[in-house]
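K.L.:
As a plain string of letters, each chain reads:
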Amino acid sequence: MSISLLIGVGALTSIGVYLITARTLSRIILGFVLLGHAAVLALLTAGGPSGAAPIAGGDAALANPLPQALALTAIVISFGLTLFMLALAVRQQTLTGDDLVEDDLEDQRIAQLAAENEHEADR
Amino acid sequence: MIATRSPIVRLAIQTATPIAIVLGTYLLFAGHNRPGGGFAAGLVFGAVVVLRTIAGLQRPRHADTLIAVGVVIAVAVAALPVLWGDPFLDMKIVETTVPLLGKIKTGSALPFDIGVMAIVVGLIVALLDGLSLPTVDDTGTEAGAA
Amino acid sequence: MNTVLTLMLVAPLLSAALAFAVRRHDQLRDALTLAGLGTAAGASGVMFATVAADGPFVLRVGGWHPELGIVLVADRFAALVLPVALAIIFVVELFAIGQRKTAWGSNPELSGPMMGVLTAGVSLAMLTGDLFTLFVAFELILVSSYVLLTHQGQAAQLRAGMTYVVMNLLASTLFLFGLAYVYAATGTVNLALLTERIPELPDGVRLGIGAWFFVVFGTKAAVFPLFSWLPDSYPTAPTTITAVFAGLLTKIGIYAMIRFHTLMGMDQLGNTMLIIAGVTMIVGALGALAQSHVKRILSFHIISQIGYMLMGLGLFTAAGTAGAILFLVHHMPVKTVLFLVGGLIENDQGTGRLDRTGGLARRRPLIAALFAVPALSLAGLPPFSGFVAKFAVISAGIEARATPWVVLALVAGALTLLSMTKIWLGVFWGADPDRVSVRRPPGNRPMMLAATGIAVAGTLTISALAGPLFDLSVDAAEDLRDPEIYRTAVLR
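Protein chains in written order, with our numbering: chain E, 430 to 552; chain F, 23 to 168; chain W, 12 to 503.
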């Protein structure tokens with residue numbers, strides 16, 4: 430298990446988490462791209478040491494093929510989801526003029542109620 | 023769809039197109055036991071479509087047909103073995119000797135890969151349509167369940 | 012059996028692709044979609060009968076050994092839950108075809124085919140025998156649900172859809188990290204092999220994995236601190252889509268949790284689960300009381316009911332697991348029907364807001380009757396299925412001496428009844444509303460009423476068969492609590 434890969438996982442995760450706490454959708458998407466990479470790296474790290482291509486008939490130490498298959502599938506899925514989120518962001522841009530993620534609806538209602546109550550108390 | 027007017031970009035993309043198509047085809051056929059496969063080939067072909075669209079050489083079209091045909095091919099190849107009692111997604115390997123080319127080994131993974139490739143290209147074409155900024159009149163109306 | 016399992020995955024996908032290709036021909040598209048969904052539902056019925064007769068069936072995809080390849084496992088748990096789920100999707104699609112004839116339906120060109128993809132995802136999620144394929148199935152379900160939720164592209168849907176997408180994508184990413192941990196610790200993602208290797212791990216690693224997957228599945232299932240995406244996003248989608256989501260999506264999270272945590276013997280997480288279950292029940296029920304829109308009330312109830320299933324699971328006794336399974340089987344159709352009726356109300360009145368509706372019991376007695384049955388069942392009144400399911404969970408709680416959670420469950424049940432009464436008072440009794448609805452309601456088509464009627468009949472059947480169903484749940488729970496059965500079935 431290589432330490433440099435693990436540092437890579439850590440770095441990508443921290444940057445990704447930082448980005449998805451942003452309010453603009455484009456940054457959130459970038460954050461998810463990085464988090465996806467981090468997860469794929471973690472999967473590869475989990476697969477143990479590297480080795481020759483795992484094809485039957487070779488006699489060198491072979492790499493474990495399973496995590497690579499899993500990683501490839503994960504890459505394909507995150508590719509599709511990234512594109513879909515980009516399409517959503519574009520759509521929101523045309524509808525509202527920006528790509529901000531808005532406040533939670535329930536939060537807005539509670540804030541509104543609180544403001545009304547305060548207003549009542551003032552009178 | 024925004025297309026560039028730069029003649030350099032156009033010429034470069036025009037030159038690159040056949041090279042990329044050869045590379046994509048290689049990846050498609052090599053995928054059986056070397057790095058490559060339907061998804062990688064689809065991405066290369068999709069990149070060709072994207073570049074040619076940017077250069078204004080073509081318009082992205084037929085996304086629906088590509089996706090539908092791709093899914094049908096891939097699912098059918100996956101399900102066919104069931105008809106003669108083999109498990110779902112079972113693979114048949116075919117080996118023949120062709121004059122001039124020598125021994126050729128391929129399998130039912132190839133049509134499956136072709137299906138995957140069609141889906142990937144179709145999705146990229148669909149997204150070129152979806153991601154291009156729409157005109158004002160198709161932003162939708164405010165109606166329905168709120 | 013080989014063919015049957017394959018059909019459940021292939022038929023909906025194939026019909027989705029074909030329906031998408033001919034999506035501009037209304038009748039052909041709808042016929043294809045129904046054929047695909049119907050085939051899958053029929054196949055699941057055959058699976059149920061076969062598994063009941065011959066025991067679990069395992070399909071090795073591509074003929075690979077479980078260590079390397081994908082296995083599909085039809086054990087008694089999957090064989091009990093999957094037919095209910097697929098039947099629900101079929102009935103909702105009938106409703107959707109009726110509703111599309113009115114102006115308020117979902118966009119038919121996309122929603123029909125996407126429902127097929129969703130169905131394939133649901134089948135795969137319930138049948139799969141390894142964690143990674145479960146991840147793929149979740150993604151299949153989520154991708155199609157993202158599209159279904161946002162395909163009309165209205166501002167409210169996009170806003171809500173965004174929360175939904177971001178939350179669920181985060182859960183998926185965590186799932187992927189969890190897979191990496193499991194693989195690093197055990198060298199496999201196959202559930203049957205994991206039942207052998209996870210108990211051998213040191214306690215810290217084992218419980219860490221359990222807790223990690225509890226968070227992942229808990230986000231999908233909308234348990235207490237992770238539910239905020241649900242009540243915002245569900246009500247904005249068209250009725251049929253919300254109905255399917257409400258009936259199935261969170262339940263798949265619970266299904267995965269029941270399967271994973273019971274098979275892996277994560278008993279030590281039981282207390283944590285019980286605490287979260289209790290809070291989930293109460294918060295969901297209180298949240299529902301604070302709402303004044305039919306669909307929002309119902310959305311909060313999903314959360315509350317998830318708490319009951321989690322409670323059954325968290326007890327980690329045979330009776331508790333059986334109760335959770337029975338609750339799952341009862342809850343899926345009942346919740347779907349309630350949302351369908353919510354859609355009928357909206358189509359009739361132009362809105363689902365309680366202050367702008369009223370007197371519907373007099374003018375539309377049929378809708379009132381269709382609402383009353385599942386509502387009483389949801390609240391847990393005898394003789395409906397909700398009573399039996401709640402009774403199973405609560406008596407398991409008493410048996411395990413988990414008194415505080417039993418009390419919380421009873422309180423949540425009373426609160427549920429209260430908010431069902433609120434809907435009844437607001438929508439069905441009282442004076443006719445002053446005509447304030449801006450939008451002219453399109454009314455209901457016979458097909459919508461018929462589909463809802465079929466679904467209500469389905470819930471009544473479940474009530475009538477509650478006894479045998481409970482026995483089946485006990486069988487399914489036995490299979491899950493003894494990993495040896497699962498292991499021998501898969502690795503044989």
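Derived by calculation from the structure, the hints in this document are not laboratory data.
Some hints could be false.
Distance condition first, Cα-Cα at most 20 Å in a straight line; then the derived SDA-like pairs of lysine to any residue [claimed, not checked]: (1) F:Lys114 - W:Arg373; (2) W:Lys433 - W:Phe481; (3) F:Lys114 - W:Lys433.
Pairwise CB distance ranges, derived in the manner of DEER restraints [to be verified]: (4) F:Val44 - E:Asp536: 50 to 58 Å; (5) W:Leu39 - E:Gln522: 31 to 39 Å; (6) E:Thr453 - W:Ala475: 50 to 58 Å; (7) E:Ala543 - W:Leu39: 51 to 59 Å; (8) W:Ala475 - E:Ile539: 28 to 36 Å; (9) F:Val116 - E:Gly509: 28 to 36 Å; (10) W:Ala475 - F:Pro133: 18 to 26 Å; (11) E:Asp536 - W:Gly215: 42 to 50 Å; (12) E:Thr525 - W:Asp65: 54 to 62 Å; (13) E:Asp527 - W:Asp482: 55 to 63 Å; (14) E:Ile539 - W:Ala222: 24 to 32 Å; (15) F:Pro57 - E:Arg452: 34 to 42 Å; (16) W:Leu297 - F:Ile76: 38 to 46 Å.
Here a beta-carbon is modelled for each residue, glycine too, at the ideal position from N, C-alpha and C.
K.L.:
Look at each hint and say if it fits the structure.
P.N.:
Hint check:
no. : hint                            : result
1   : F:Lys114 - W:Arg373             : 66 Å, violated
2   : W:Lys433 - W:Phe481             : 31 Å, violated
3   : F:Lys114 - W:Lys433             : 62 Å, violated
4   : F:Val44 - E:Asp536: 50 to 58 Å  : 55 Å, holds
5   : W:Leu39 - E:Gln522: 31 to 39 Å  : 36 Å, holds
6   : E:Thr453 - W:Ala475: 50 to 58 Å : 54 Å, holds
7   : E:Ala543 - W:Leu39: 51 to 59 Å  : 54 Å, holds
8   : W:Ala475 - E:Ile539: 28 to 36 Å : 43 Å, violated
9   : F:Val116 - E:Gly509: 28 to 36 Å : 31 Å, holds
10  : W:Ala475 - F:Pro133: 18 to 26 Å : 49 Å, violated
11  : E:Asp536 - W:Gly215: 42 to 50 Å : 36 Å, violated
12  : E:Thr525 - W:Asp65: 54 to 62 Å  : 57 Å, holds
13  : E:Asp527 - W:Asp482: 55 to 63 Å : 57 Å, holds
14  : E:Ile539 - W:Ala222: 24 to 32 Å : 30 Å, holds
15  : F:Pro57 - E:Arg452: 34 to 42 Å  : 40 Å, holds
16  : W:Leu297 - F:Ile76: 38 to 46 Å  : 54 Å, violated
Hint compliance for this structure: hints 1, 2, 3, 8, 10, 11, 16 are not met, and every other hint is.
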